[in-house]
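With these hints in hand, go ahead and build the complete structure from the sequences.
Quick note, in the numbering used here, the sequence shown goes up one by one and the last residue is 654.
It is worth saying that the hints were derived from the structure and are not from the lab. Be aware that a few hints might be false.
[Unchecked claim] In silico EDC-like links for lysine to aspartate or glutamate, alpha-carbon gap of 16 Å or less:
| hint | residue 1 | residue 2 |
| --- | --- | --- |
| 1 | Lys400 | Glu451 |
| 2 | Lys421 | Glu451 |
| 3 | Lys263 | Glu553 |
| 4 | Lys189 | Glu98 |
| 5 | Lys585 | Glu552 |
| 6 | Lys72 | Asp196 |
| 7 | Lys327 | Asp491 |
| 8 | Lys265 | Asp493 |
| 9 | Lys315 | Asp339 |
| 10 | Lys320 | Glu245 |
| 11 | Lys274 | Glu223 |
| 12 | Lys301 | Glu288 |
| 13 | Lys308 | Glu287 |
| 14 | Lys416 | Glu391 |
| 15 | Lys421 | Glu464 |
| 16 | Lys105 | Glu153 |
None of these values were measured; they are calculated from a predicted model.
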Amino acid sequence: MILMQLNQLTKRFGAELILENIKLEVQMHDRLAIVGRNGAGKSTLLKMMAGDMSYDSGDIFKPKDVTMGYLAQNTGLQSSDTIWNEMESVFSHIKKLEKELRTMEADMADPDLLNDYEAYQKLLKTYDDKQDYFKMTGGYQYEAEIKSVLNGLNFHNFDWSTPISSLSGGQKTRLALGKLLLTKPDVLILDEPTNHLDIDTLAWLEGYLQGYEGAVVIVSHDRYFLDKVVNTVYEIAHQGSKKYHGNYSSYLKKKEEDYELELKHYEKQQSEIKQMEEFVQKNIVRATTSKRAQSRRKQLEKMDKLDKPKADQQSAKFSFQVEKKSGNDVLKLRDLAFSYNREAPYLFEHLSLDVQRGDSFALVGPNGVGKTTLLKTITRELEAVKGDMKIGTNVQIGYYDQEQTKLNSKKSVLNELWDDYPHKNEKDIRTILGNFLFSGEDVLKPVSALSGGEKARLALAKLMMQEANFLVLDEPTNHLDLDSKEVLEAALVDYPGTLLFVSHDRYFINKIASQVVEMKPEQTRVFLGDYDYYVHKLQEEEELRQLEEAERAQFETKPSEQETKTSFQQDKAQKSEERKRKRRITEIEQEIEQIEAKVEENDALLCEPEIFQDHEKSLELTERNEQYQERMEALLEEWEALDS
11 MILMQLNQLT KRFGAELILE NIKLEVQMHD RLAIVGRNGA GKSTLLKMMA
61 GDMSYDSGDI FKPKDVTMGY LAQNTGLQSS DTIWNEMESV FSHIKKLEKE
111 LRTMEADMAD PDLLNDYEAY QKLLKTYDDK QDYFKMTGGY QYEAEIKSVL
161 NGLNFHNFDW STPISSLSGG QKTRLALGKL LLTKPDVLIL DEPTNHLDID
211 TLAWLEGYLQ GYEGAVVIVS HDRYFLDKVV NTVYEIAHQG SKKYHGNYSS
261 YLKKKEEDYE LELKHYEKQQ SEIKQMEEFV QKNIVRATTS KRAQSRRKQL
311 EKMDKLDKPK ADQQSAKFSF QVEKKSGNDV LKLRDLAFSY NREAPYLFEH
361 LSLDVQRGDS FALVGPNGVG KTTLLKTITR ELEAVKGDMK IGTNVQIGYY
411 DQEQTKLNSK KSVLNELWDD YPHKNEKDIR TILGNFLFSG EDVLKPVSAL
461 SGGEKARLAL AKLMMQEANF LVLDEPTNHL DLDSKEVLEA ALVDYPGTLL
511 FVSHDRYFIN KIASQVVEMK PEQTRVFLGD YDYYVHKLQE EEELRQLEEA
561 ERAQFETKPS EQETKTSFQQ DKAQKSEERK RKRRITEIEQ EIEQIEAKVE
611 ENDALLCEPE IFQDHEKSLE LTERNEQYQE RMEALLEEWE ALDS
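This is the structure:
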C-alpha cells in the first residue's frame with residue numbers, strides 16, 4: 011500500500027534552486043533514508059513531506075486517512091507537565107474510554123436498572139462493544155508501552171513526576187522522540203533522531219524502528235544506524251533524487267558501480283560520436299562516400315546523447331601529521347576520581363588506563379558518566395579529585411572540543427587560523443582552508459555565521475595545524491555530513507600518532523579504534539578490538555551470566571554436582587557452536603557475493619571484442635568462471651547444510 015508519493019517536487023528559496031523534480035514513494039513497512047551533503051536540501055524535503063513547508067511545483071499524493079508524525083532536528087519537548095503525564099496524554103482517548111467503562115460498571119450495579127431488563131441488556135451490549143474497542147486500541151498495555159519507551163530512551167533512573175521544564179535540552183529532545191513514537195503514525199518522519207542518544211539508546215531505537223508497524227523516513231549521519239534500520243536509500247544531490255535499494259553500505263557500493271558504468275557508457279558514446287564526426291568531415295564532399303557521410307550525419311542528429319555523469323562535489327582533503335614522536339608511554343591514569351563538588355558523589359572513580367604510542371582508544375559509556383569530563387581532565391582543563399595522571403615524554407596533546415568553544419566567534423575564518431600561525435603567509439593559510447572547503451569569500455565570513463558543519467571543519471583545520479602526537483577528540487563526527495566523516499576517518503587511519511576519542515558513531519569507532527574503553531561510574535574496562543568486538547564480548551558475558559543463573563537454579567533443585575557441571579558445559583558448548591555456525595553462514599554468503607561479482611565481471615569482459623577475439627584470454631576467463639562455479643556450488647552445499 012502506497013502511503014505517500016512525491017512527483018516532480020521543486021523548491022526554491024528566492025532565486026536559489028534547492029530541489030528539482032524530486033520523485034519519492036513511501037509504502038507500508040518501508041524504511042527510507044534520505045542522504046546527501048549538508049545543504050543538499052534533506053531537511054527541507056522532510057518538512058515538505060510533513061506539511062510544514064510549501065513547495066513551488068509538483069505534487070504530493072497522500073490518502074486522507076494516512077497519519078503523519080514528524081520530528082524536526084534538535085526539537086525539544088516544551089511542556090510544563092511531568093514526564094509521565096506528558097507521555098500519557100498521547101492516550102487521552104483511551105483514558106476517556108476507560109473512565110466511561112468505569113461509569114458503566116457502576117451503572118450496571120444499580121438495583122433500579124437490574125429491574126429494567128431491556129435497559130440493562132442495552133447497557134450491557136454497549137459496554138461489551140466499548141470494552142472490545144478498549145482492548146483492541148491497547149487499553150490494557152498503554153502504560154507498559156510508555157514505560158518501555160521511557161526506559162529505552164534512558165529515563166529509567168528518572169523520577170517520572172519530574173517537570174519537563176526542568177530537564178536539559180538533550181533530555182527534552184529524547185522525550186519529544188518518545189512522545190512521537192507512542193503516537194504510532196502511519197508515516198514516521200525523523201530528522202537526525204540519533205542526536206543526544208548514547209550507544210545503548212541507539213541500539214534500543216534501532217530495534218524499535220525495525221519492528222515498527224508503519225513506514226519510517228529518516229535523515230541521519232549515523233551510518234551504523236542506517237545500515238541496521240533502512241532498506242531503501244534516496245540520495246539528494248545536484249538538486250535531484252536517485253533511489254537505491256538496500257541499506258547504506260549497499261547504497262555506497264551501488265552508487266560507485268553506477269557511476270563507473272555510466273561513465274563507461276558516456277565515454278564509449280563520445281568515442282563513437284567522434285569517429286562518426288570525423289567520418290562525416292572527411293567524406294561529405296567525396297562523391298563516392300557522400301551518401302554514407304550524410305547517413306552518418308543523420309544518425310548523429312537522431313542519436314540520444316548521454317550527459318556526462320556528475321561526479322560528487324568536492325570533498326575536504328587533509329591529513330594529520332606529527333611534529334615529533336612521543337615516548338612509548340603516552341598516558342598513565344591510576345585510580346582517578348572526579349567530582350564537580352567535593353561533597354557530592356563521584357562522577358567516576360577507580361579509573362585506570364595505560365595508553366601507549368600508536369594506540370587508538372575509543373571511550374564509550376552512557377551519557378552523564380563523565381567521558382567529556384575525563385578528556386578535559388587529561389587536557390588539564392579540569393582537575394581530578396584523587397588519583398594519579400602522568401603524561402609521557404615529548405607528548406603534545408591536540409584537543410578537539412565538540413562544542414568548538416576554542417573558536418573565537420568575533421574573528422573571520424581566515425584570522426581564526428592565521429592569528430595562531432602569523433609566520434605563515436596568507437596564500438598558505440588560504441590553501442589550508444581550501445582543503446577544508448573554505449574558498450574565496452568564505453574565508454572572510456565571521457565564525458559566528460558558520461553552520462555546525464563549517465565550525466567542525468574549521469576546528470579540524472586548527473587541530474591539523476598543531477601537528478600534535480596525541481589527539482584527544484570529543485565527538486569529532488558531530489555536525490559532519492557523511493562525506494566529511496569518511497574523509498576524517500581516512501585521515502585518522504593514516505595518523506602516525508596516538509588517539510583517544512569519545513564518539514557515539516559506531517561505524518566511526520569500528521574504522522578507527524583498536525581498543526574500546528567501557529566507562530562506568532564505578533569501574534573502567536578495556537576491550538582489545540573495535541566496537542563490534544566489544545558488543546560481541548558483552549553478548550558472551552550475558553550468555554555466560556544466564557548460564558550461571560541457570561546453573562544456580564538447577565543447584566537449588568538439588569541435582570547432582572556432576573549433572574549441573576555437565577549441563578552447564580553442554581549449554582556453553584552449544585552456544586559456542588551456534589555462534590560459529592552463524593559466523594560461518596555469514597562468511598559463506600559474503601564469499602558467494604564476491605564470486606558472483608567476479609563471474610559477472612568476467613562475463614562482461616568476454617563480451618568485449620578484443621577479449622572475445624583473443625582465444626587464450628577468453629579461454630582463461632572461461633576456465634576461471636568454471637572454477638568459480640565449482641567453488642560456489644560447494645559453498646551452497648555447505649550453506650544449505652548449516653542453514654537446515
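To see whether the hints hold, each was checked on the structure:
{"no.": "1", "hint": "Lys400 x Glu451", "result": "violated, 45 Å"}
{"no.": "2", "hint": "Lys421 x Glu451", "result": "holds, 14 Å"}
{"no.": "3", "hint": "Lys263 x Glu553", "result": "violated, 35 Å"}
{"no.": "4", "hint": "Lys189 x Glu98", "result": "holds, 9 Å"}
{"no.": "5", "hint": "Lys585 x Glu552", "result": "holds, 12 Å"}
{"no.": "6", "hint": "Lys72 x Asp196", "result": "holds, 11 Å"}
{"no.": "7", "hint": "Lys327 x Asp491", "result": "holds, 14 Å"}
{"no.": "8", "hint": "Lys265 x Asp493", "result": "holds, 13 Å"}
{"no.": "9", "hint": "Lys315 x Asp339", "result": "violated, 62 Å"}
{"no.": "10", "hint": "Lys320 x Glu245", "result": "holds, 13 Å"}
{"no.": "11", "hint": "Lys274 x Glu223", "result": "violated, 42 Å"}
{"no.": "12", "hint": "Lys301 x Glu288", "result": "holds, 15 Å"}
{"no.": "13", "hint": "Lys308 x Glu287", "result": "holds, 11 Å"}
{"no.": "14", "hint": "Lys416 x Glu391", "result": "holds, 12 Å"}
{"no.": "15", "hint": "Lys421 x Glu464", "result": "holds, 14 Å"}
{"no.": "16", "hint": "Lys105 x Glu153", "result": "holds, 11 Å"}
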